[in-house]
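Join the two chains, each given in its own frame, into one complex according to the hints.
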Amino acid sequence: MRIPFLSMFMTSPFDSLQEHAEKVKECAWVFQHAIECHMVHNCRSFDGLREEVKRMEQEADAIKRRIRGHIPVGSLMAVPKFQLFRYLREQDSVLDALEDALDWISYREEPGIPEQFQKEFFLLIDSVIDPVEELSRMVAEARKYFKGYSDKQRKVVKEIIRNIRKQEHEADRAEDIVKKKVFTTEMDPVTVFHMVRLAETLGHIADHAENAGDMMRAMIAR
Amino acid sequence: MTAEYFVLIIGYVFGFYMAWNIGANDVANAMASAVGAKAITIRQAIFIAGILNIVGAIFIGSHVTDTIRKGIVSTDILTDPHMAMIGALAALLASSLWVSFATWKSLPVSTTHSIVGAMVGFGIMAGGFSVINWGKLGGVALSWVVSPIFSLIIAYVMFKIIVRLILVRRSAFIHGMRLSPIFIGLAGFVVVLSFLFKTPLGNTLALSDATALLTAVFLAVVLGFSGKWLLSRILRDQVDGDVEEIFRRIQIGTSCYVALAQGANDVANAIGPLAVIYFLVKTGGVAGTIPVPTFLLMFGGIGIACGIAMAGHRVMDTLGNKITTLTNTRGFSVDFAAATTVLAASKLGLPVSTTHAAVGGVLGVGLAHGFEAVNFTIVFQIMLYWVLTVPAAALTSMVIFKILEFII
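The listed protein sequences derive, respectively, from chains U and A. Going by the numbering used here, the first sequence opens with residue 1, and the numbers climb by one from there. Going by the numbering used here, the second sequence opens with residue 1001, and the numbers climb by one from there.
With the rest of the complex left out, here is chain A (with noise of 0.2 angstroms):
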């Protein structure tokens, strides 16, 4: 049918272009603490963001994604294939077109955000008010208030931390090195756990909560005193250096882990309705979840990668430049407590975005007086973007969803 045909060609230019709206948007808001404190350079960085995206989508990435997204709308309404087609279509095309909004209205929106209030707008087309699960959506709603403050709270805790045992200390680095197992230490159990809860790979090693907790405590021993004989061999001229060295090195492998993980999580963002129209196309029907063929997820890896090269550079420049008073202890405690915040609410069931747990992250070491100056203030109108961006991405969903039904 040429029809169909003619809708999966439209979902692959959509898919690629949210796609390389996540590579030149939100990865400069995941390695930017990373760029700010300047322990990676630029080209570092959009060369590690895009390699490890890719890998990232391919390796880790979900090759089984849930037809919709965080299970928000109920999968009833799926069962009229042709229906479930527009309204995938609709939905990558809302969510496209409120992020090209937001792009050009210089706006701080989520693409996450935008795909789930896609979704929602769909569903309620679809399906009426009924197939909404309520809950989930008031999870999505309670992540906007709970992820930056718990991130916050680690972070103002890890700085004080920081400061307290190795800072203010006569010989800090002599301190820092002594120390430096531990937040090395700390910094893998969480990324061990991450991979083990939030990613595939975890699900197909299917390992127990406690059998993890065990993996991750044992791989951050090994990890801790590796990385610090490492650190040693690193620094071995450096005998009174700057703590921030160390630091620096240590925040190298966790921007590392964040462009990983987000080339695991998000890629489902933008090849997700493309996978549903994929697989109606070569199927005719669908199901509550779906496989992901890797080809897809490789087309959105490099979508992804695409961004980062084509956009990633000007924003990371202005960030490099603009933020100065960044430096890596403050950079490692705000990856911290992002990192520890993703993989708390995701295993918690909580839809949470990296960009707004490292905004929560940047208010607390801001709280621990970590930053000559960084504005409160603006997280308000963070925040109001982010509730809108729900309803309106919902909105433009269901008038999208109603030219198409027309159309074909």
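Excised from the complex, chain U in its bound form (with noise of 0.2 angstroms):
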């Protein structure tokens, strides 16, 4: 504090942003190996590997707390304060999607997902992670945007906004056609309410992925 100069800066919540997003990347990749654990038979390591993807969502919880409580008032930044932070609602958003889906599953380990849908829902959850893989690098992007504030960055980080979206139309797709092809298949209805509603919770992580992206166009917007 004796530097007046030194004491005006301080911690940049997008340090944190950054991390968040790290954490959601990370958390998706246990979650993709918890769920596809799950589909193939004798799957041990479920319940381990749910529980790690709880622990990652508390420790995300921690930084956003930590990013909502460490901007004082006054704080000048490049982006509004609180459109930051319904950015960072959107991102976290994601985390609690993949937690949902888990805890979804839980509830009816057995018989677990019909064989016959499988390759469906393989492809459900690889369209759904996609979007979500890309919101680190839509930070990293952004942030480089707001230090020099040029038209190329921006067209950077508002092509990988379009390509989220884009990811986003595609798990929408593969949504449709699981209910589909569940709606069609006959089965007792106990399994096709369970996987019907566990397509739908898959499609909000892509979803609230969108979402994030929507908000960063509105971060970026001149």
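No lab work stands behind these hints: they were computed from the structure. Remember, it's a predicted structure, so these values are computed and weren't measured experimentally. Backbone N, C-alpha and C define an ideal beta-carbon position, used for all residues, glycine too. Be aware that a few hints might be false.
What the hints assert, rightly or not - Coverage of chain U stretches by chain A, computed from C-beta distances (three or more under 8 angstroms per stretch; other residues unrestricted):
id: 1; region: 69–76
id: 2; region: 139–149
Claimed, not checked - Just some of the chain A residues that point at chain U, by a computed CB distance under 8 angstroms:
id: 3; residue: R1170
id: 4; residue: T1327
id: 5; residue: A1358
id: 6; residue: V1362
id: 7; residue: H1369
id: 8; residue: E1372
This is the structure in structure tokens:
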């Protein structure tokens, strides 16, 4: 504090935002692992992986709280504070959606996902993970944009956002395919409900990633 | 007389201590943006600041000092040499104490204002409230508000211009190179004018305002184009390089200027009272202005350099690590705003510290969304200490004056 110049600079919330995005990405990978394990028979590590996802979600929550709690009144930032918070909320909702999906599976671990739907579910999971993986890259590129304000860099960020939107659309299609197939197959109604709801929960993951992208679009608006 | 020589020795010790403090603390503020923006390394900053502070103190620093800084106290109180000597010592001790306290408690205070406050305290004790030039003191108070705001506006505009004209462009580097003479020229204009108006070097040349302006414009144009030529040679291999690289080179120039100007201006804070004591001991009388021997200036300059060498490293280390979002374009905006503010303020006769101007500059860039995050509220805290410094140093000075009156 003896040096006023120094004390004006605070730790950038973008550092933590980036950290949070990385956490989301890692969590998505563990999630994918867990759900793929669940689909093959004799999976023993599902519960362990689910715990892992829960733990990571809590860590990410701590980062989120740290960001929200450490922007004092009168901070000047590259983007308005509440825009940043709204973005953060969407990024965090991705994690919640990942957790929800695993929880939903755990409510009815046996008999699990019927074999005839597994291919469709694999595709759906891949397509909801894709946009989530883009988030951390988007944050990194956006930070570069805030440094230079160059048009070129802004295009890069916009391209990522567009890409996320496209991937979310893909995920929607995959979700539709799963649901259609579930409804057209003769099965007991409990399994139908479990599968349809699982497909929807998985779809939410991509939805939140897309929302995060939209929030980022608002942040880089001129 | 042994007592007087005793006072002189104490004066040397505390004068050196004040100089050391200027080096340890204020230099970091001046070189902060350059180090933060990684225009220069910490080692380079310490070397440049040390050498240029000594050079600035000796060759540009005032060889004639106002007995009382900035004419805040009437010189009538100096008619009694004994009292003048006690007063100068009290002022020096009080400001040293206050600065030490600030360092210990990590408070953001300016050495300039400490010495001003100490002088006010001594003035009140020696001649009552009537000897204080309240108008001038009001000017000091005004500068607390005016200089950051002025600097804020310039930094804001400068950064916006850089963003609009260069950064957003598709081929930003080429645009940057094309416009570089303007930015180098602008910086050069302010630097040349500062040297002509602010320093004793300019006083000896004694140019009229109009001539000085013309000289500055001419030199700025020359500097601008030769600077561009130099830049295009240095950055020859970069066809589509980084704009920051251009501003990095310009910033090296501006930070050199800041170090030089600081040595020239701030050395008087440390050795002003010492010079008064020295003059009294040697001649037995004192006047409104007294000559400062070169060895005293050198003494002060070396004191500043010692402060930089011994404590500057620690400060700048934190600076370089902590401030990661300060890039060269931002650093240049801050430097330019600070230099312009200091120039304008001193032309208006307002005492202003580089620190205050730099703080305003950072806020300006922050308002222009130049930083990922800076804290605005801290400014109010900083301002509180700016306001507190003068009465606090004044009170300390009064107490010490009374004690010294008993002893000597």
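Evaluated hints:
1. 69–76: With 6 residues close enough to chain A, the hint holds.
2. 139–149: holds (count 5)
3. R1170: Constraint on A/R1170 satisfied, holds at 6 angstroms.
4. T1327: holds (6 angstroms)
5. A1358: holds (6 angstroms)
6. V1362: OK, holds: A/V1362 within 8 angstroms of chain U, min 5 angstroms.
7. H1369: Result: holds, 5 angstroms to nearest chain U Cβ.
8. E1372: It holds, given that the least Cβ distance between A/E1372 and chain U is near 4 angstroms, below 8 angstroms.
In this structure, none of the earlier numbered hints is contradicted; all agree with it.
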